[in-house]
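Enquirer: Please take these sequences and the hints and turn them into a complete structure.
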Amino acid sequence: MYWEQKKECLPRPQLEQLQLERLKNTLRRVGTTVPFYRNTFSKLKVDAGKVKSLDDLRRLPFTTKQDLRENYPYGLFAIPLRDVVRIHSSSGTTGMATVVGYSRKDIVNWSNLVARILCGAGVTADDMIQIAFGYGLFTGGFGLHYGAERLGASVIPISAGNTKRQIQIMQDFKTTALVCTPSYALKMADVMMDMGINPNGLSLRFGLFGAEPWSEAMRIEINERLGIRATDNYGLSEIMGPGVAGECQECNGLHVNEDHFLIEILDPETLEPVKPGEVGELIITTLTKEAFPVIRYRTRDLTRLLPEPCPCGRTFVRMHRMMGRSDDMLIIKGVNVFPTQIEGILFDIEGTEPHYRLIVERENNEDKLTVMVEVVESIFFDAMKKQRAFMDMIKKRMASELGIGVDVKLVEERTLERFDGKGDRVIDKREL
Amino acid sequence: MRVEQIAVFLENKSGRLAEITAILADNDINIRALSVADTADFGILRLIVNDVEKAKSILQDGGFTVGKTDVLAVEVVDKTGGLAKVLKCLHSAGINVEYMYAFVNKSGENAVLIFRFEKMDEAIEVLSKDGFTLLSGEQICAL
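Protein sequences appear in the order of chains A and B.
Residues in the first sequence are numbered consecutively from 1, following this note's numbering.
Residues in the second sequence are numbered consecutively from 1, following this note's numbering.
Just so you know, these hints were derived from the structure itself, not from any lab.
Among the hints, erroneous ones may be present.
As the list claims (entries may be wrong) - For lysine to aspartate or glutamate, the following EDC-like pairs were computed, each having C-alpha atoms within a straight-line distance of at most 16 angstroms:
1. A:K386 to B:E98
2. A:K333 to A:D407
3. A:K333 to A:E401
4. A:K385 to B:D41
5. A:K368 to A:E413
6. B:K13 to A:E374
7. A:K385 to B:E98
8. A:K409 to B:D26
9. A:K105 to A:E366
10. A:K385 to B:E118
11. B:K13 to A:E412
12. B:K68 to A:E377
13. A:K409 to B:D41
14. A:K24 to A:D259
15. A:K409 to A:E374
16. A:K45 to A:D56
17. A:K409 to B:D38
18. A:K105 to A:D83
19. A:K429 to A:E366
20. B:K68 to B:E118
21. B:K13 to A:E413
22. A:K396 to A:D348
23. B:K106 to B:D78
24. A:K386 to B:D38
25. A:K386 to B:E118
26. B:K54 to B:D26
27. A:K385 to B:D38
Expert: Right, here's the structure in full:
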């Protein structure tokens with residue numbers, strides 16, 4: 001099933017020609033309207049007008065998350081704010097957050113690309129889609145919502161949380177497609193069991209999952225327990241949100257919407273291309289974005305391309321589901337968390353360099369983050385009430401600044417291993 | 001009339017209390033009174049000892065997190081209602097107890113109540129006015 005067959009099956013030479021034209025157009029625009037790109041282009045003596053082939057992309061500078069932060073909030077916008085119709089923002093504390101904007105046409109393209117992903121997964125205008133992604137600054141909820149409406153499906157914009165109610169509605173409204181994180185799908189299966197609801201008695205047929213890493217084993221478990229076909233989809237707010245890539249019904253890798261995004265897979269150390277099919281960092285250049293075009297964005301996500309043609313007939317290249325990160329970012333309950341954020345909060349509270357360790361676990365299909373903190377004299381109280389109030393204060397700060405709840409465990413001084421420089425302070429026990 | 005108390009942070013791991021008491025014994029520190037407040041994960045050990053500074057520094061050298069706080073020591077006759085009288089006096093003055101513990105002195109005639117208040121100065125005033133005996137650190141060690 002295709003949403004736009006002609007485009008999704010465009011012969012490669014024509015696709016590459018289209019990409020080149022769109023790349024040149026994008027470079028011309030950012031080179032004149034975005035000071036950040038104008039400056040880096042002139043520093044690196046890049047003449048956007050002289051790009052003659054897609055290979056010339058390699059001479060262009062990268063854009064990193066740090067660049068986005070430094071240009072907070074609107075520094076990288078390529079159109080006047082009055083033409084921006086939507087703002088989204090990535091998770092992160094104020095100042096750490098990144099802001100992206102969309103023009104009217106960007107929203108149309110975004111809706112269309114998400115409709116492609118939904119259609120590719122088997123969803124049609126006859127389906128009832130329950131969107132259990134958070135609605136708000138996070139791109140997941142609204143991205144899928146607009147795509148589903150574009151497709152003509154019926155949307156239940158339930159947003160995240162309140163699992164029992166999700167299941168009740170799923171049963172009563174006869175939901176046929178579920179959109180959420182893969183771990184939340186398993187959590188729902190657990191709660192269905194508790195509620196005595198047999199998933200086979202529901203109308204559910206499809207699950208479109210994203211926003212966190214998962215595995216083939218999890219897919220099999222979800223399919224079996226919920227009696228559905230689970231597909232993976234990928235996106236990130238810095239690029240657009242969901243709609244960048246998604247699996248077709250072959251369930252064997254995610255087709256990248258290559259007419260809108262140009263991708264590279266590079267060695268994260270040397271930043272040279274890896275051999276075809278080898279694992280590397282995904283780099284994305286937007287080709288049609290008006291409000292927030294990005295050149296060679298370092299996603300920090302690791303994947304590899306599956307170069308063989310897909311039996312579905314799409315010519316868009318497939319990539320393996322995300323295989324890890326080239327930085328220390330954690331994805332907990334679908335929320336991006338950097339250890340440095342936690343360190344910053346602890347530093348702020350303790351007033352000195354904190355000694356801490358982060359333990360990530362998955363219990364009953366739910367992620368759990370425990371922050372172990374060494375108790376030094378400045379944060380030690382002789383009264384239990386004060387010590388507990390102190391722990392609650394840490395929890396509150398973390399919840400409000402990270403957007404997820406954490407557990408705090410106090411440990412004795414000098415009991416956590418010391419690292420020289422940037423050590424691995426994270427113990428991720430999750431087995432996906 | 002304040003008494004210095006040391007508090008030690010303890011994870012709930014077996015043998016930690018034994019280690020602390022061994023360190024103190026090896027250094028000739030005499031424990032006059034102690035109490036432990038605990039949760040599932042950790043505990044707070046509070047000690048009245050004969051040499052506060054020395055105890056603090058040797059425990060810190062032993063890798064423990066140690067804090068120092070002022071508490072009040074009230075001596076009452078070891079008879080029914082002894083504690084009740086003190087608490088009644090504090091309650092009527094609107095002074096809340098953060099925590100307390102007690103021990104009976106060697107002769108067995110008197111009991112010593114160790115109190116920690118939010119409002120220490122007010123507590124001293126109220127207790128003295130009502131004629132309660134407040135002990136100093138030296139007096140406790142001499143008991």
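Enquirer: Determine for every hint whether it applies to the structure shown.
Expert: Hints and how they fare:
Restraint check: the Cα-Cα separation between K386 (chain A) and E98 (chain B) comes to about 10 angstroms, which is no more than 16 angstroms; the hinted pair holds. With a CA separation close to 14 angstroms, the supplied pair K333 (chain A) and D407 (chain A) stays within the 16 angstroms bound. At roughly 15 angstroms between alpha-carbon atoms, K333 (chain A) and E401 (chain A) fall within 16 angstroms of each other, so this suggested pair holds. Between K385 (chain A) and D41 (chain B) the CA atoms are separated by roughly 15 angstroms; this keeps the pair inside 16 angstroms, and the hint holds.
Using a Cα cut-off of 16 angstroms, the hinted pair K368 (chain A) and E413 (chain A) is violated, with the two alpha carbons roughly 24 angstroms apart. For a cut-off of 16 angstroms, the pair hint linking K13 (chain B) to E374 (chain A) stands: about 15 angstroms separates their Cα positions. About 8 angstroms separates the Cα atoms of K385 (chain A) and E98 (chain B), which keeps this hinted pair within 16 angstroms; it holds. At roughly 31 angstroms between alpha-carbon atoms, K409 (chain A) and D26 (chain B) are farther apart than 16 angstroms, so this suggested pair is violated.
In summary, the hint linking K105 (chain A) to E366 (chain A) is not supported, as the alpha carbons are separated by about 37 angstroms, beyond the 16 angstroms threshold. Proposed proximity of K385 (chain A) and E118 (chain B) is supported: the alpha carbons are some 12 angstroms apart, at most 16 angstroms. As the CA atoms of K13 (chain B) and E412 (chain A) are separated by approximately 10 angstroms, the hinted pair is consistent with the 16 angstroms bound. Taken as a hint, the K68 (chain B) and E377 (chain A) pair is honoured in the structure, with Cα atoms around 9 angstroms apart against an allowance of 16 angstroms.
Distance restraint check for K409 (chain A) and D41 (chain B): the Cα-Cα separation of roughly 7 angstroms lies within the 16 angstroms cut-off, and the hinted pair is therefore satisfied. Simply put, K24 (chain A) and D259 (chain A) have alpha-carbon atoms about 13 angstroms apart, close enough for the 16 angstroms limit, and the pair holds. Distance check on the hinted pair: K409 (chain A) and E374 (chain A) sit about 9 angstroms apart at the alpha-carbon level, within 16 angstroms; holds. For the suggested pair K45 (chain A) and D56 (chain A), the alpha carbons sit about 13 angstroms apart, so the restraint of at most 16 angstroms is met.
At roughly 14 angstroms between alpha-carbon atoms, K409 (chain A) and D38 (chain B) fall within 16 angstroms of each other, so this suggested pair holds. With a CA separation close to 10 angstroms, the supplied pair K105 (chain A) and D83 (chain A) stays within the 16 angstroms bound. Proximity of K429 (chain A) to E366 (chain A) is assessed by CA-CA distance (about 12 angstroms); at most 16 angstroms being required, the pair is judged to hold. Only pairs whose Cα atoms come within 16 angstroms are accepted, and K68 (chain B) paired with E118 (chain B) is accepted, the gap being roughly 15 angstroms.
For the given pair, K13 (chain B) sits about 14 angstroms from E413 (chain A) by alpha-carbon distance, which is consistent with the 16 angstroms threshold. With a C-alpha separation of about 14 angstroms, the suggested pairing of K396 (chain A) with D348 (chain A) holds against the 16 angstroms cut-off. For the given pair, K106 (chain B) sits about 12 angstroms from D78 (chain B) by alpha-carbon distance, which is consistent with the 16 angstroms threshold. This hinted pair checks out: K386 (chain A) and D38 (chain B) have alpha carbons roughly 13 angstroms apart, not beyond 16 angstroms.
A distance of roughly 11 angstroms separates the Cα atoms of K386 (chain A) and E118 (chain B); the hinted pair therefore holds under the 16 angstroms criterion. Straight-line distance between C-alpha atoms of K54 (chain B) and D26 (chain B) comes to about 12 angstroms, which keeps the hinted pair within the 16 angstroms bound. Of the supplied pair hints, the one linking K385 (chain A) and D38 (chain B) holds, its CA atoms being roughly 11 angstroms apart against a limit of 16 angstroms.
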